[in-house]
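Asks: So the protein lines, in turn, are chains X and E.
Here the first sequence is numbered in our numbering, starting from 2 and rising by one per residue.
Here the second sequence is numbered in our numbering, starting from 2 and rising by one per residue.
For the record, the hints were derived by calculation from the structure and aren't laboratory data.
Note that the coordinates shown come from a computational prediction; the quantities given were computed from them, not determined experimentally.
Take the hints with a grain of salt, since some may be wrong.
Note that the list lumps identical chains together, so a pair holds whenever it fits in one copy or between two copies.
Straight-line alpha carbon distances no greater than 20 Å define the calculated EDC-like cross-link-like pairs of lysine to aspartate or glutamate that follow [to be verified]:
| hint | residue 1 | residue 2 |
| --- | --- | --- |
| 1 | Lys177 | Glu266 |
| 2 | Lys267 | Asp255 |
| 3 | Lys177 | Asp255 |
| 4 | Lys128 | Glu299 |
| 5 | Lys71 | Glu49 |
| 6 | Lys11 | Glu26 |
There are 2 protein chains.
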Amino acid sequence: MARCRICRQKASIFIPHHRLPLCDEHFVSWFENYLRRTIQKFRMFSREARILVAVSGGKDSLVLWKALVKLGYAADGVFIDLGIEDFSFLSRRVVEDFAATLGRKLYVVSLQKELGFGIPALKRRTKKYCSLCGSIKRYFLNWATRKFHYEVLLTGHNLDDEASALLGNVINWSIKYLGRKYPVLPAHSGFPQKAKPLCRFTSFEIQEYAKRQKIKYIKESCPLSSEAKRLVFAEMMDQLEEQMPGTKLRFYLDYLRRAFPIFQEKVEDFLDHKLVTCARCGEPAISSPCFICRLKEEYQGA
Amino acid sequence: MARCRICRQKASIFIPHHRLPLCDEHFVSWFENYLRRTIQKFRMFSREARILVAVSGGKDSLVLWKALVKLGYAADGVFIDLGIEDFSFLSRRVVEDFAATLGRKLYVVSLQKELGFGIPALKRRTKKYCSLCGSIKRYFLNWATRKFHYEVLLTGHNLDDEASALLGNVINWSIKYLGRKYPVLPAHSGFPQKAKPLCRFTSFEIQEYAKRQKIKYIKESCPLSSEAKRLVFAEMMDQLEEQMPGTKLRFYLDYLRRAFPIFQEKVEDFLDHKLVTCARCGEPAISSPCFICRLKEEYQGA
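Can you make the complete structure from the sequences, with help from the hints?
Replies: See the structure below:
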């Protein structure tokens with residue numbers, strides 16, 4: 002192993018994207034600095050903003066939360082309890098313990114309480130439960146951000162997530178998604194401002210930060226998830242990265258710089274034009290009653 | 002093997018993209034019909050157009066030429082002799098024999114004669130000989146089309162070529178290429194109209210047509226070529242196709258329908274604005290003297 006670029010001590014990690022050998026201490030400070038610079042570069046939020054981090058119990062969201070707090074941001078957490086037996090129970094425990102250690106507030110939104118049922122009940126009724134779960138989570142994250150008076154909602158999406166999702170959107174030429182795929186989206190039509198501050202970090206870098214910060218996180222992915230298709234794209238990106246190191250970051254950043262503005266023009270106001278306010282819950286939606294209110298009704302007493 | 006969709010006899014081929022089992026006879030007629038429909042769909046050229054097919058001796062260009070002639074198009078051929086020893090010699094023989102059997106005119110453009118040197122001399126001087134060879138071929142194909150008074154220049158690019166090149170352009174977000182990647186390009190600023198009538202056919206389908214038409218073609222690829230990078234994308238597309246059949250065609254056609262128009266707007270007139278006429282050879286170029294005239298000068302007596 003080479004020597005740390007900063008202190009010339011023995012390096013403990015090499016970051017291929019940046020051709021950077023670092024020791025434990027300077028890897029941690031590099032990580033936090035690069036996070037701060039990412040937040041500034043994309044003008045994600047100010048130093049004083051009231052920030053809510055969507056935490057699942059996985060490494061990405063916990064690392065994001067911890068690093069933000071270390072950087073001095075006023076970041077609290079929100080956890081959506083999906084009601085998936087052991088998985089949700091354990092995740093919730095991990096997140097609650099983490100919040101306590103961090104000394105920050107944590108909001109827990111239980112689907113059972115808010116919706117009347119959890120994801121397993123959904124799975125018994127429809128094959129599309131996986132994408133529906135995504136929509137439900139987004140709904141309650143937006144809802145919680147507004148309800149608890151936060152200005153920005155953050156998620157832990159990392160470079161691997163973003164690059165493989167981008168590849169999927171490109172393979173399907175989903176112009177609608179391509180025109181909205183940006184690491185910061187301003188508040189609009191009742192939705193809070195959203196940002197993905199880990200968008201320039203690989204899964205590997207985040208894992209190594211978690212290790213050095215002794216963060217306990219849930220390693221298992223959701224036992225109900227069926228993400229075969231997404232995995233195809235993730236594996237393709239990994240292969241490309243292996244054969245042409247740096248491709249993943251370049252593919253994502255060049256997209257943001259060169260292609261996103263072109264697509265954005267095409268879909269601008271697309272959402273705004275179609276959005277209404279749900280007459281029952283008051284959330285922005287594409288129809289009223291919104292899909293959550295319709296779900297509630299449909300599953301009443303089910 | 003299933004039964005032929007048309008005659009219910011035993012099928013000899015199954016075309017996954019179209020979920021179509023066919024016998025030998027109906028595969029050949031399907032191929033030719035689909036070619037005719039591709040030409041019409043993209044308004045590539047009229048029944049009466051004077052057509053020049055760029056033939057290399059490989060399966061794609063010979064299949065294209067033969068099928069066009071069978072469909073009644075007035076298609077002649079042009080072969081660029083690159084001067085690559087055995088490879089060019091054999092390719093030229095194959096193409097000349099083929100033209101004779103077809104009863105159509107063949108033009109042979111020899112780099113040795115027109116330029117003063119072949120590709121091997123280029124390889125001794127520069128590492129970029131592979132992409133330079135591509136530019137040289139394009140120059141002489143344009144040149145021959147005009148010199149011999151043809152209206153449209155055709156190349157044998159197939160779906161695999163187009164889809165993997167498209168993936169490469171996307172991974173690099175080469176907006177300039179993405180805005181010009183279309184199977185027919187109208188004549189402009191001294192360039193002839195160009196088309197790729199095989200753009201909806203897979204390499205496999207073309208090979209099977211060649212087999213059934215007993216076309217003798219060169220199976221070897223150029224002994225000087227180094228297309229490792231292009232192969233990466235070709236293999237990725239093949240993997241995607243295997244895991245999600247139909248992806249290749251959908252990726253390419255959705256691009257043409259949904260994404261190309263968006264990119265095209267951005268690069269429209271890009272070329273025209275920058276083009277001049279070479280004061281020496283009279284061809285359109287980005288500078289005068291053009292790169293071919295400069296190459297000639299540079300290599301004089303080399």
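Asks: All hints, please: hold or fail.
Replies: Going through the hints against the structure:
Taking the shortest Cα distances, lysine 177 and glutamate 266 sit within 20 Å of each other both inside one copy (11 Å) and across copies (18 Å). Taking the shortest Cα distances, lysine 267 and aspartate 255 sit within 20 Å of each other both inside one copy (18 Å) and across copies (16 Å). Taking the closest pair of Cα atoms, lysine 177 and aspartate 255 come within 20 Å of each other both inside a single copy (18 Å) and across two copies (13 Å). For the homomeric pair lysine 128 and glutamate 299, the shortest alpha-carbon distance inside one copy (16 Å) is at most 20 Å, but the shortest distance between copies (67 Å) is not.
In this homomeric assembly, lysine 71 and glutamate 49 come within 20 Å of each other (Cα to Cα) only inside a single copy, at 14 Å, whereas the closest approach across copies is 73 Å. For the identical chains of this complex, lysine 11 and glutamate 26 are intra-copy neighbours only, at 11 Å inside a copy versus 70 Å across copies, given an alpha-carbon limit of 20 Å.
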